[in-house]
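Every letter in the sequence shown is one number past the one before it in our numbering, and letter 53, counting from 1, is 53.
Treat the hints as calculated values from the structure; they're not laboratory data. Think of the CB as a built atom: it goes at the ideal place given N, C-alpha and C, for glycine as much as any other residue. Honestly, I wouldn't trust all of these hints.
To be verified - Here are the simulated distance ranges between beta carbons:
id, residue 1, residue 2, range
1, VAL89, PRO153, 18 to 24 Å
2, THR87, GLU107, 37 to 43 Å
3, LYS176, ARG148, 18 to 24 Å
4, GLY21, ILE158, 20 to 26 Å
5, ASP86, ASP13, 39 to 45 Å
Stated by the list, open to error - Calculated lysine-lysine pairs in the DSSO-like style (CA-CA distance at most 30 Å, straight line):
id, residue 1, residue 2
6, LYS112, LYS3
7, LYS176, LYS159
8, LYS123, LYS3
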Amino acid sequence: MSKVQYQCSMSLDGFIAGPGGDMSWLGELELESDPATAAIVHQVGALLIGNNTFRGDDPNKGTESEGAYGGQWTGPSFVLTHRIPDTPVPDVTFVSDLETAVAAAKEAAGGKVVSVLGANVAKQLIEAGLLDEILVWITPVLLGDGVRLFDHPGGTNIKLEVLDMTGPNMLMRVVK
Numbered sequence: 001m002s003k004v005q006y007q008c009s010m011s012l013d014g015f016i017a018g019p020g021g022d023m024s025w026l027g028e029l030e031l032e033s034d035p036a037t038a039a040i041v042h043q044v045g046a047l048l049i050g051n052n053t054f055r056g057d058d059p060n061k062g063t064e065s066e067g068a069y070g071g072q073w074t075g076p077s078f079v080l081t082h083r084i085p086d087t088p089v090p091d092v093t094f095v096s097d098l099e100t101a102v103a104a105a106k107e108a109a110g111g112k113v114v115s116v117l118g119a120n121v122a123k124q125l126i127e128a129g130l131l132d133e134i135l136v137w138i139t140p141v142l143l144g145d146g147v148r149l150f151d152h153p154g155g156t157n158i159k160l161e162v163l164d165m166t167g168p169n170m171l172m173r174v175v176k
């Protein structure tokens with residue numbers, strides 16, 4: 001059965017994007033040189049992407065590395081949005097309901113990982129009890145401001161269990 005796994009790069013001070021969702025800082029890093037990171041794309045069967053991430057700031061835009069996993073991703077993508085476009089996008093399905101999006105992505109993944117991209121959709125999955133794991137690449141940069149890995153005004157306590165720590169990667173299971 002497919003796992004739903006939030007995957008992201010995070011600055012040491014806890015941000016996955018800079019102010020306004022700026023992702024240009026990722027273009028300066030060489031994450032693809034890490035063998036564990038390069039292997040991740042082969043474990044993914046489908047993407048579940050937040051609307052802001054889908055329409056956001058790709059640090060590789062306009063290059064051959066544009067797109068998820070530095071342009072290495074090909075396969076089904078599901079975008080969670082309330083603004084479904086009139087014009088279809090190849091290999092992208094737009095879904096307005098969280099549970100429907102998860103079910104469709106899991107089916108399309110065929111037993112492989114459903115990779116979640118986007119802080120807001122990951123937060124929704126955590127709150128709905130639908131997120132299985134979090135995979136974070138801790139990057140050697142301090143951003144000082146921006147989009148947090150997980151933001152819950154007023155605070156909350158989500159229990160995680162560390163499954164693996166390899167190089168800059170940390171894999172955690174969400175304790176339900």
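The hints, checked one at a time:
Checked against the hint of 18 to 24 Å, the pair VAL89 and PRO153 fails, with Cβ atoms roughly 33 Å apart. Taking the beta carbon of each, THR87 and GLU107 are about 24 Å apart, not inside 37 to 43 Å as hinted. For the pair LYS176 and ARG148, the supplied restraint of 18 to 24 Å holds, since their beta-carbon distance comes to about 22 Å. In this structure, GLY21 and ILE158 meet the distance hint of 20 to 26 Å, their C-beta atoms being roughly 23 Å apart.
One distance hint, 39 to 45 Å for the beta-carbon pair ASP86 and ASP13, holds here, with the actual separation near 40 Å. Restraint check for LYS112 and LYS3: satisfied, since their Cα atoms lie roughly 7 Å apart, inside the 30 Å limit. A distance of roughly 8 Å separates the Cα atoms of LYS176 and LYS159; the hinted pair therefore holds under the 30 Å criterion. Straight-line distance between C-alpha atoms of LYS123 and LYS3 comes to about 16 Å, which keeps the hinted pair within the 30 Å bound.
Figure legend: structure checked against the earlier numbered hints; hints not met, in rising order: 1, 2.
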